[in-house]
Amino acid sequence: MSEFLQHLINMLVLGGTYALLGIGLTLIFGIMNVVNFTHGVLYTFGAYIMFIVVQQFGLNFFLALPVAVLAGWLLGAAIELTLLRPLRGSDIDTTMLVMIGAWIAMQSGTLWIWGGVAKSVATPFPEAPLVLGPVSVSWLRLFVLAAAAMLILVTYLLINKTSLGRAMRATFQDHDTASLMGVNVDMIYTSTFAIGSSLAAAAGALLGPVYVIFPQMGDLAAVKAFAIVILGGLGNITGAVIGGFILALAEELGAGYVSSGYRDAMGFLIIIAVLIFRPTGLFARAERVG
Amino acid sequence: MTRTLGLVPAIALATALFGGAAGAQTIKIGVNEPLTGAFAASGTYVVNGAKIAADEINAKGGILGKKIELVIEDNKSNPTEAAAVAEKLITSDKVPVLMGAWGSSLTLAVMPKLMEYETPMVVETSSSGKITTTGNPFIFRISPPSAIEAAAFKNIVDKLALKKVDFLVINNDWGRGTAEDFSKMMKEKGIGIGLVETMDQGAQDMSAQLSKIKSSDSETVIVTTAVDQLTLIFKQAAALGLKKRIITTGGSQNPDQIIAQAGAAANGTMHLTTFLPWFPDKTPNPEATNYFIAEWKKRGFDFAGCTESFRGYDGIRTVAAAIEKAGKAEPAAIKAALWNINIKGLNGDIVFRKSGPEGKESGQSQPNVYLIEIADGKIEMKTL
Numbered sequence: 001m002s003e004f005l006q007h008l009i010n011m012l013v014l015g016g017t018y019a020l021l022g023i024g025l026t027l028i029f030g031i032m033n034v035v036n037f038t039h040g041v042l043y044t045f046g047a048y049i050m051f052i053v054v055q056q057f058g059l060n061f062f063l064a065l066p067v068a069v070l071a072g073w074l075l076g077a078a079i080e081l082t083l084l085r086p087l088r089g090s091d092i093d094t095t096m097l098v099m100i101g102a103w104i105a106m107q108s109g110t111l112w113i114w115g116g117v118a119k120s121v122a123t124p125f126p127e128a129p130l131v132l133g134p135v136s137v138s139w140l141r142l143f144v145l146a147a148a149a150m151l152i153l154v155t156y157l158l159i160n161k162t163s164l165g166r167a168m169r170a171t172f173q174d175h176d177t178a179s180l181m182g183v184n185v186d187m188i189y190t191s192t193f194a195i196g197s198s199l200a201a202a203a204g205a206l207l208g209p210v211y212v213i214f215p216q217m218g219d220l221a222a223v224k225a226f227a228i229v230i231l232g233g234l235g236n237i238t239g240a241v242i243g244g245f246i247l248a249l250a251e252e253l254g255a256g257y258v259s260s261g262y263r264d265a266m267g268f269l270i271i272i273a274v275l276i277f278r279p280t281g282l283f284a285r286a287e288r289v290g
Numbered sequence: 001m002t003r004t005l006g007l008v009p010a011i012a013l014a015t016a017l018f019g020g021a022a023g024a025q026t027i028k029i030g031v032n033e034p035l036t037g038a039f040a041a042s043g044t045y046v047v048n049g050a051k052i053a054a055d056e057i058n059a060k061g062g063i064l065g066k067k068i069e070l071v072i073e074d075n076k077s078n079p080t081e082a083a084a085v086a087e088k089l090i091t092s093d094k095v096p097v098l099m100g101a102w103g104s105s106l107t108l109a110v111m112p113k114l115m116e117y118e119t120p121m122v123v124e125t126s127s128s129g130k131i132t133t134t135g136n137p138f139i140f141r142i143s144p145p146s147a148i149e150a151a152a153f154k155n156i157v158d159k160l161a162l163k164k165v166d167f168l169v170i171n172n173d174w175g176r177g178t179a180e181d182f183s184k185m186m187k188e189k190g191i192g193i194g195l196v197e198t199m200d201q202g203a204q205d206m207s208a209q210l211s212k213i214k215s216s217d218s219e220t221v222i223v224t225t226a227v228d229q230l231t232l233i234f235k236q237a238a239a240l241g242l243k244k245r246i247i248t249t250g251g252s253q254n255p256d257q258i259i260a261q262a263g264a265a266a267n268g269t270m271h272l273t274t275f276l277p278w279f280p281d282k283t284p285n286p287e288a289t290n291y292f293i294a295e296w297k298k299r300g301f302d303f304a305g306c307t308e309s310f311r312g313y314d315g316i317r318t319v320a321a322a323i324e325k326a327g328k329a330e331p332a333a334i335k336a337a338l339w340n341i342n343i344k345g346l347n348g349d350i351v352f353r354k355s356g357p358e359g360k361e362s363g364q365s366q367p368n369v370y371l372i373e374i375a376d377g378k379i380e381m382k383t384l
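As they're listed, the protein sequences go chains A and B. Letter by letter, the first sequence follows residues 1 to 290 in the UniProt record's numbering. Letter by letter, the second sequence follows residues 1 to 384 in the UniProt record's numbering.
Hint data in this document are derived by calculation from the structure and do not stem from the laboratory. Any given hint could be a false lead.
In the DSS-like style, the derived pairs of lysine-lysine whose C-alpha atoms are separated by at most 27 Å in a straight line are [to be verified]:
(1) B:K243 x B:K164
(2) B:K360 x B:K51
(3) B:K298 x A:K119
(4) B:K378 x B:K328
(5) B:K244 x B:K60
(6) A:K119 x B:K187
(7) B:K164 x A:K119
(8) A:K119 x B:K51
(9) B:K88 x B:K51
(10) B:K94 x B:K187
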């Protein structure tokens with residue numbers, strides 16, 4: 001029983017960060033119809049910003065987080081303005097290839113600057129974990145969970161309660177009509193990509209200190225983000241959040257009770273099942289197709 | 001005028017060709033190591049150790065009157081890349097001999113290429129038994145296979161009073177091979193084997209496996225993986241309140257790095273290692289060990305890397321000794337000469353004995369294995 005409780009705690013902590021990774025990607029896909037292959041690199045970027053700010057400049061850990069989010073926002077805006085805006089209107093394959101190119105270039109750039117050896121970031125949290133009866137969890141991970149929950153809430157409020165959010169939702173439904181109603185669609189695209197990127201950078205900044213930081217760290221994170229987006233339905237933010245927790249649960253229980261060798265396979269088995277039985281995602285609403 | 005202009009590319013071509021010929025004045029040694037990916041830290045240390053050996057040899061005038069040149073390629077911790085890198089080094093760089101490829105799965109992927117191009121390779125780190133038992137006569141290994149590690153560990157299991165152990169190993173030839181060889185030895189000793197958990201080489205979160213191990217009835221966990229993942233395991237085990245004795249194998253632990261990064265969580269852990277940079281006087285070759293450590297520090301490298309980098313140093317010295325003995329830098333001659341070398345490595349004499357099926361034996365040297373314990377952030381040696 002205590003093992004099961006420990007798996008559940010692990011799932012909560014892991015799921016929070018998976019959700020954060022998923023919403024950034026689903027937002028960009030939903031609104032812009034762009035398969036963002038740079039999501040993993042932006043995750044890595046956030047982690048390296050954390051490393052630079054905390055380890056190189058010696059600044060406070062909690063100050064470094066907003067710096068990483070802001071840097072992710074700026075890099076995302078730059079990618080949108082330089083790579084995606086000139087390609088507006090081209091087919092999805094062309095943008096996909098450009099994004100794959102950007103991913104490889106940025107990852108190689110990181111390797112070139114920082115080398116392949118992993119870096120770690122010191123945190124202000126105590127090493128001794130919080131012990132709650134039979135289960136225990138590190139303070140750092142609790143903080144990561146809380147920060148992820150806060151960022152998800154902020155994103156939700158931004159999309160549902162602000163005029164920018166209303167314009168984003170309008171663009172999501174029909175960008176031509178939104179444009180006719182006076183929405184600056186170009187600005188919406190840039191903002192969306194910047195917000196999605198800043199969420200990826202935030203996830204990297206939060207998880208970098210938990211694990212270690214190296215140039216290819218984003219690859220596995222990106223694969224998981226894509227899995228979560230498929231689980232939750234493309235463009236569905238609530239779906240991405242729930243999808244994040246489902247993936248974490250599948251991995252924890254799969255590793256705990258089936259076989260740890262197939263830990264990463266568990267999530268993907270679920271995705272195959274989802275694609276077969278509910279190809280629009282677990283949480284897609286019924287849609288009129290004809 | 002047109003004719004003169006036409007000469008320019010011809011001269012350029014000639015220079016390039018002669019440049020290539022000038023390059024042949026050095027003896028090339030191919031180095032196939034993971035410089036990026038999951039084993040980046042370890043591979044980089046090995047390469048830095050190899051460079052110390054090359055510089056030392058060249059400072060003394062090289063071999064056969066020529067300088068040696070290391071052609072270093074990154075196998076990206078990926079078996080497919082490791083095989084491609086070996087092919088590139090042999091066919092394009094024309095190296096007569098290789099050193100590599102750090103991980104067992106990487107080395108195993110390279111092995112068919114060695115057969116194809118009949119080029120020998122000195123294996124400096126890999127510990128899977130399969131490497132020297134499958135009948136590849138181009139393999140010469142200076143690191144201990146996990147069976148040698150298990151045999152060395154056998155002498156101390158009574159003293160440690162092991163009753164039941166769990167395993168947490170990297171999910172590749174190295175980890176699974178270690179779990180197999182250690183389980184076999186322990187069963188003979190009447191020690192119970194509990195869980196055998198695996199982790200992907202790139203995995204960063206081992207909480208699920210550790211939670212399972214936490215709830216088992218074993219008192220000891222044998223962990224096999226490289227330093228980056230080990231550090232994460234120590235941190236995550238501490239966060240989960242896992243209070244079992246941890247013993248690591250494989251010699252890629254870099255204990256100083258574990259102490260620096262895992263702090264108190266590292267206390268009480270034991271590590272099977274193949275080099276003793278902390279106690280140079282207790283190594284088989286104190287003079288060489290002191291020289292190597294001094295040179296390593298002089299170059300500003302992290303002391304923690306010594307337990308890994310010495311393999312690159314010994315590997316290149318092994319290759320150089322064979323080329324010298326062969327009298328020429330050709331694959332077949334080097335392969336034959338490798339059987340006849342006897343050099344003082346930092347971890348015991350390097351002499352290759354036959355291993356594997358008759359007629360196509362691989363070479364296996366018999367290095368020492370040591371057990372160390374981390375206590376109060378310090379490294380102590382245990383007698384095996």
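The hints, checked one at a time:
no. : hint            : in the structure
1   : B:K243 x B:K164 : holds (14 Å)
2   : B:K360 x B:K51  : violated (31 Å)
3   : B:K298 x A:K119 : holds (23 Å)
4   : B:K378 x B:K328 : violated (47 Å)
5   : B:K244 x B:K60  : violated (50 Å)
6   : A:K119 x B:K187 : violated (39 Å)
7   : B:K164 x A:K119 : violated (35 Å)
8   : A:K119 x B:K51  : holds (23 Å)
9   : B:K88 x B:K51   : holds (20 Å)
10  : B:K94 x B:K187  : violated (47 Å)
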